[in-house]
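Colleague: Sequence:
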Amino acid sequence: MALTAKPQAMIFDLDGTLAHTLPQLSLAVSKVAQAMGLPVPNAETMSQFVGNGVTMLLGRVIMGRHDIELTEVPEEKMKEARALFNRFYQEGLSSDFVVYPGVVDGLKYFQSCGIKLGVVTNKPNIFAQPLLGFMGLKPFFAQILGGEVLKERKPDPTPVLYVLDKMGAAPQQSLMVGDSINDVKAGQNAHMATVAFTYGYNGGYDLHTSCNPDYLFSRFDELTELIRSLPPRAS
Numbered sequence: 001m002a003l004t005a006k007p008q009a010m011i012f013d014l015d016g017t018l019a020h021t022l023p024q025l026s027l028a029v030s031k032v033a034q035a036m037g038l039p040v041p042n043a044e045t046m047s048q049f050v051g052n053g054v055t056m057l058l059g060r061v062i063m064g065r066h067d068i069e070l071t072e073v074p075e076e077k078m079k080e081a082r083a084l085f086n087r088f089y090q091e092g093l094s095s096d097f098v099v100y101p102g103v104v105d106g107l108k109y110f111q112s113c114g115i116k117l118g119v120v121t122n123k124p125n126i127f128a129q130p131l132l133g134f135m136g137l138k139p140f141f142a143q144i145l146g147g148e149v150l151k152e153r154k155p156d157p158t159p160v161l162y163v164l165d166k167m168g169a170a171p172q173q174s175l176m177v178g179d180s181i182n183d184v185k186a187g188q189n190a191h192m193a194t195v196a197f198t199y200g201y202n203g204g205y206d207l208h209t210s211c212n213p214d215y216l217f218s219r220f221d222e223l224t225e226l227i228r229s230l231p232p233r234a235s
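Numbering (my numbering), first residue to last: 1 to 235.
Source of the hints: derived by calculation from the structure; they are not laboratory data. Ideal Cβ placement from N, Cα and C applies to all residues, glycine included. Please note: incorrect hints may appear among the correct ones.
Claimed, not checked - Straight line, CA to CA, 20 Å or less: simulated EDC-like cross-link-like pairs of lysine to aspartate or glutamate: (1) 77 x 67; (2) 79 x 91; (3) 6 x 225; (4) 108 x 221; (5) 79 x 165; (6) 185 x 148; (7) 6 x 165; (8) 185 x 156; (9) 108 x 96; (10) 77 x 96; (11) 6 x 105; (12) 31 x 76; (13) 138 x 75; (14) 166 x 156; (15) 138 x 105; (16) 31 x 69; (17) 138 x 156; (18) 138 x 152; (19) 185 x 152; (20) 185 x 165; (21) 151 x 69; (22) 79 x 105; (23) 6 x 221; (24) 185 x 214; (25) 138 x 44; (26) 31 x 80; (27) 6 x 214; (28) 108 x 214; (29) 6 x 156; (30) 151 x 75; (31) 185 x 76; (32) 31 x 96.
Said to hold, decoys possible - Label-pair restraints from in silico Cβ distances: (33) 2 x 35: 45 to 51 Å; (34) 40 x 225: 27 to 33 Å; (35) 138 x 114: 16 to 22 Å; (36) 109 x 134: 37 to 43 Å.
Just need the whole structure built from these sequences, with the hints factored in.
Modeller: This is the structure we're talking about:
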């Protein structure tokens with residue numbers, strides 16, 4: 001679904017889309033693994049473990065592999081891991097992240113065009129809200145929805161549709177922007193145009209062949225250039 005005019009709204013993923021947060025996550029998860037006597041994932045493994053929310057991330061660390069069902073994970077181990085993660089991650093939210101090049105300029109331009117901006121992330125809301133504040137990005141967004149607020153999460157379209165509804169925007173006139181299959185599928189399931197970035201945390205999948213986004217970019221400023229090239233939406 002190619003865009004024919006500037007979108008009414010744009011919904012962004014957070015991790016791997018707006019900022020490189022893997023070092024932050026890795027540090028907290030490494031501390032969890034050490035505290036529990038589990039193998040500490042290396043950077044490559046961590047990049048493949050993220051993207052499906054904290055519970056799945058911790059489950060993968062506990063089980064030591066990507067392809068798991070949460071029902072496999074012993075309940076007590078998950079409870080212990082989550083309590084440790086919440087403490088370690090909260091302590092490190094203000095550091096060990098990098099906002100990707102072009103993000104701030106792009107968000108400023110989108111906002112100047114009157115485009116409504118929102119964030120839908122599987123990262124728990126208790127972390128997503130303050131993290132965007134530490135990044136200096138929070139003022140750009142009319143709505144921020146973290147994981148665990150709704151029972152549904154991406155690739156289910158419900159969180160995306162919820163935020164669009166809050167902003168008074170129509171899915172068919174909006175754009176979903178992310179770095180993973182979950183992001184693209186959530187947008188497609190909501191009947192939105194989709195953008196995927198290759199620089200994020202895509203679990204090693206080829207995004208073009210695995211989920212076929214409408215636009216596939218390697219830099220954030222390519223998205224800004226796309227929006228600049230489009231005519232204003234008719235009122």
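Colleague: Enumerate the violated hints, using their earlier numbering and listing them in ascending order.
Modeller: 5, 9, 10, 13, 16, 17, 18, 22, 25, 28, 29, 31, 34, 36
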